[in-house]
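Participant: What follows is the residue order along each chain.
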Amino acid sequence: MRKRLVAAIAALTLPLVAQMPAEGSANASPGQLRRAGGSTPLADMASLPTPRLPDGTVDLWGTWVRGGPVNDIAAGLKEGEELPLLPWAKALRDKRTDPEDPHNFCLPMGVPRQAGGFPWRFVPYPTHEAATHLFILWEGFRNYRQIFMDGRPHSEDPTPTWFGESIGSWDGDTLVIDSIGFNDKFWWDRAGTPHTEQLHIVERWTRVNFATLELEVTIDDPGAFSRPFTLYFTARHSAPGDELKEYICEENNQFGLAGGHPNPYRADPVP
Amino acid sequence: MKNTLGLLGAGLVLLCAVPVVAHHSFSVEYDTEKPVKVTGSVTKLEWTNPHARLYVDVVAEDGTTTNWNFEMASPNILERNGWSRRAVMPNDEVVVEGFGGRVAADRGIANSVTFSDGRTGHDLRWRTPGWRPQCRGR
Chain U
0 MRKRLVAAIA ALTLPLVAQM PAEGSANASP GQLRRAGGST PLADMASLPT
50 PRLPDGTVDL WGTWVRGGPV NDIAAGLKEG EELPLLPWAK ALRDKRTDPE
100 DPHNFCLPMG VPRQAGGFPW RFVPYPTHEA ATHLFILWEG FRNYRQIFMD
150 GRPHSEDPTP TWFGESIGSW DGDTLVIDSI GFNDKFWWDR AGTPHTEQLH
200 IVERWTRVNF ATLELEVTID DPGAFSRPFT LYFTARHSAP GDELKEYICE
250 ENNQFGLAGG HPNPYRADPV P
Chain H
0 MKNTLGLLGA GLVLLCAVPV VAHHSFSVEY DTEKPVKVTG SVTKLEWTNP
50 HARLYVDVVA EDGTTTNWNF EMASPNILER NGWSRRAVMP NDEVVVEGFG
100 GRVAADRGIA NSVTFSDGRT GHDLRWRTPG WRPQCRGR
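Sequence order for the protein chains is U and H. The numbering of the first sequence is numbering that gives the first Met the number 0, which starts it at 0 and goes up by one. The numbering of the second sequence is numbering that gives the first Met the number 0, which starts it at 0 and goes up by one.
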């Protein structure tokens, strides 16, 4: 009950993206929108077709919002489903409290939560041939993620990291990102849903029209869940002309001072 | 247009139906049982992440002055809502409404900031034409 109240209040707190007024022509081509920021109202952008690169590949360019959870990763489950948490993982989730969320102290939010907040973009490594790398740039916390697109297999024993090791490929018009090598540090949501280093994530990103990017993400972590499960989120194109802004979380983070919460992630807390 | 400078908490409790984010949960730092409404003189606006902060000198009836520290949204969010780093300047007389800190008596979160002299400020009405994100399973 407490966490539901917290979630409700968190949702009340601050708007993420208030779209700027839509002005001008609604007849701009997707190319014009992409390159110049464009001026087509969002409602019309959704009716525009999925843009493609000259070689026919789906073009993921654009500034996106959402596409991941904020308060509770279970929000992405199909109706009637529940997270198949193992008993220890459920107990840990119930024990965790909001002030302990690593994200409060400017630490990463992981996959797919990092997309749930501020705007973000896919950025292919520029090359005359097929991209060998794809990056995700997240405005929130100024994080990035590297996705190898050159066909390499996963490493035998990747060092566990916040964003893991990601291998990308195309399945028709769907970008598939297969990731392992995660550490167990990030929280999937404000509810404190945990995971282990056994985590294996497969994301399937499909740009169904100009303004809509659907995510189907399958999570397999036998260390924390009794079976694999799939979550669904939808990212929307941000307002035309909306670009990523600088976000240095450490610049002036005063979290804890108003509520009296210490930083549990400091190795040597300052008195 | 009202003379509202800022309306940060629009009071919409629609989980997943409204694009929202905050660096942290509101309620772990601030107490809805402690509504705050103060009038005072701006001493500083910190246009910094993860939250912009508005500092306001408030003089009590006994003559003592408290420099309130009000948390606002990220400047990135505020700019997308029409604010700028010059939206409010030192020595501006403002009325701030919000909620007080759970343990810090001189801290709060600002829900609205209004010029006390009636000057017209920024119009921060929601600008989300036809935009409703979906986050529920299909």
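It should be emphasised that the hints constitute simulated quantities derived from the structure, not laboratory data. Beta carbons: idealized from backbone N, C-alpha and C, even for Gly. Watch out, some of these pointers could steer you wrong.
Ranges of calculated distance between the beta carbons of each label pair, as one might list FRET restraints [said to hold, decoys possible]: (1) U:Arg-265 <-> H:Thr-31: 36 to 46 Å; (2) U:Thr-229 <-> H:Ser-83: 16 to 26 Å; (3) U:Glu-80 <-> H:Pro-89: 38 to 48 Å; (4) H:Asp-56 <-> U:Thr-131: 31 to 41 Å; (5) U:Leu-85 <-> H:Ser-115: 37 to 47 Å; (6) H:Ser-115 <-> U:Glu-196: 32 to 42 Å; (7) H:Ser-115 <-> U:Lys-77: 49 to 59 Å; (8) H:Thr-63 <-> U:Asn-262: 28 to 38 Å; (9) U:Asn-262 <-> H:Ser-83: 48 to 58 Å; (10) H:Val-94 <-> U:Lys-244: 49 to 59 Å; (11) U:Asn-251 <-> H:Ala-59: 43 to 53 Å; (12) H:Asn-66 <-> U:Val-175: 52 to 62 Å; (13) U:Arg-265 <-> H:Asn-66: 20 to 30 Å.
Cut-off 20 Å, straight-line C-alpha distance, at most; resulting in silico cross-link-like pairs (SDA-like, lysine to any residue) [what the hints assert, rightly or not]: (14) U:Lys-244 <-> H:Arg-85; (15) H:Lys-43 <-> U:Gly-259; (16) H:Lys-33 <-> U:Gly-255; (17) H:Lys-43 <-> U:Asn-251; (18) H:Lys-33 <-> U:Lys-244; (19) U:Lys-244 <-> H:Trp-46.
Participant: Each hint: holds or not?
Facilitator: Checked hints:
no.: 1; hint: U:Arg-265 <-> H:Thr-31: 36 to 46 Å; result: violated, 29 Å
no.: 2; hint: U:Thr-229 <-> H:Ser-83: 16 to 26 Å; result: violated, 43 Å
no.: 3; hint: U:Glu-80 <-> H:Pro-89: 38 to 48 Å; result: violated, 53 Å
no.: 4; hint: H:Asp-56 <-> U:Thr-131: 31 to 41 Å; result: violated, 57 Å
no.: 5; hint: U:Leu-85 <-> H:Ser-115: 37 to 47 Å; result: violated, 56 Å
no.: 6; hint: H:Ser-115 <-> U:Glu-196: 32 to 42 Å; result: violated, 55 Å
no.: 7; hint: H:Ser-115 <-> U:Lys-77: 49 to 59 Å; result: holds, 51 Å
no.: 8; hint: H:Thr-63 <-> U:Asn-262: 28 to 38 Å; result: holds, 31 Å
no.: 9; hint: U:Asn-262 <-> H:Ser-83: 48 to 58 Å; result: violated, 31 Å
no.: 10; hint: H:Val-94 <-> U:Lys-244: 49 to 59 Å; result: violated, 29 Å
no.: 11; hint: U:Asn-251 <-> H:Ala-59: 43 to 53 Å; result: violated, 27 Å
no.: 12; hint: H:Asn-66 <-> U:Val-175: 52 to 62 Å; result: holds, 54 Å
no.: 13; hint: U:Arg-265 <-> H:Asn-66: 20 to 30 Å; result: holds, 27 Å
no.: 14; hint: U:Lys-244 <-> H:Arg-85; result: holds, 18 Å
no.: 15; hint: H:Lys-43 <-> U:Gly-259; result: violated, 23 Å
no.: 16; hint: H:Lys-33 <-> U:Gly-255; result: holds, 17 Å
no.: 17; hint: H:Lys-43 <-> U:Asn-251; result: holds, 14 Å
no.: 18; hint: H:Lys-33 <-> U:Lys-244; result: violated, 33 Å
no.: 19; hint: U:Lys-244 <-> H:Trp-46; result: holds, 13 Å
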